[in-house]
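Undergrad: Sequence:
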Amino acid sequence: MSASDTGDRLAEELVAPMLALGLDLEAIDVSAAGKRRVLRVAVDKDGGVTMDEIAEATREVSRVLDERGLMGERAYTLEVSSRGVDRPLTLPRHWRRNVGRLVKVAVAGEDEVTGRLLAADEEGVELDVAGSPRRVALSQVTTAKVQIEFTKHEES
0 MSASDTGDRL AEELVAPMLA LGLDLEAIDV SAAGKRRVLR VAVDKDGGVT
50 MDEIAEATRE VSRVLDERGL MGERAYTLEV SSRGVDRPLT LPRHWRRNVG
100 RLVKVAVAGE DEVTGRLLAA DEEGVELDVA GSPRRVALSQ VTTAKVQIEF
150 TKHEES
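Using numbering that gives the first Met the number 0, the final residue of the sequence shown is 155, and nothing's skipped along the way.
Be a bit skeptical, because a hint or two may be false.
[To be verified] Within a straight-line C-alpha distance of at most 16 Å, the following computed EDC-like cross-link-like pairs (lysine to aspartate or glutamate) qualify: (1) K44 to D7; (2) K103 to E148; (3) K103 to E55; (4) K44 to E55; (5) K44 to E72; (6) K103 to D85; (7) K103 to E125; (8) K144 to D85; (9) K103 to D127; (10) K103 to E72; (11) K34 to E72; (12) K44 to D23.
Everything labelled a hint here was simulated from the structure, so no lab data went into it.
With the hints as constraints, model all of the structure from the sequences given.
TA: Structure, rendered in structure tokens:
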């Protein structure tokens with residue numbers, strides 16, 4: 000079974016247990032590290048996750064893996080974390096969780112635009128681009144990422 004097949008199978012098995020903890024399963028990555036494998040599981044929720052929630056998620060992932068034998072007999076290392084700001088914004092919940100942040104968005108057929116994320120819904124986002132509001136349909140977004148700011152943005 001390939002790493003992507005393993006990741007897909009793990010995702011199917013872990014979505015419900017993570018939802019039961021109030022967490023969204025954001026990503027699963029299985030990679031080789033010498034004779035071992037590394038399983039990285041990323042979780043998130045509105046308002047962000049705490050270290051206690053990461054610890055609880057780690058216990059639950061480990062329990063599910065052990066009970067169902069999902070990683071087989073080969074040794075592996077489990078890492079559970081929350082994805083950082085460098086993750087792409089791909090789902091409506093990613094946008095909603097980053098309202099107020101500066102984002103760089105590539106729109107199909109246009110140049111990239113950078114603006115402050117004012118609002119987000121299931122169909123699109125509202126940006127403040129250099130003081131002008133701009134609505135962007137999520138269906139037109141090709142890539143989008145939060146931009147790291149070193150100074151605190153003041154709400155107006």
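Undergrad: Hints first: check each against the structure and report whether it holds.
TA: Hint check:
no., hint, verdict
1, K44 to D7, "21 Å, violated"
2, K103 to E148, "12 Å, holds"
3, K103 to E55, "33 Å, violated"
4, K44 to E55, "14 Å, holds"
5, K44 to E72, "32 Å, violated"
6, K103 to D85, "11 Å, holds"
7, K103 to E125, "13 Å, holds"
8, K144 to D85, "6 Å, holds"
9, K103 to D127, "12 Å, holds"
10, K103 to E72, "43 Å, violated"
11, K34 to E72, "12 Å, holds"
12, K44 to D23, "6 Å, holds"
Comparing the model with each numbered hint stated earlier shows that hints 1, 3, 5 and 10 do not hold.
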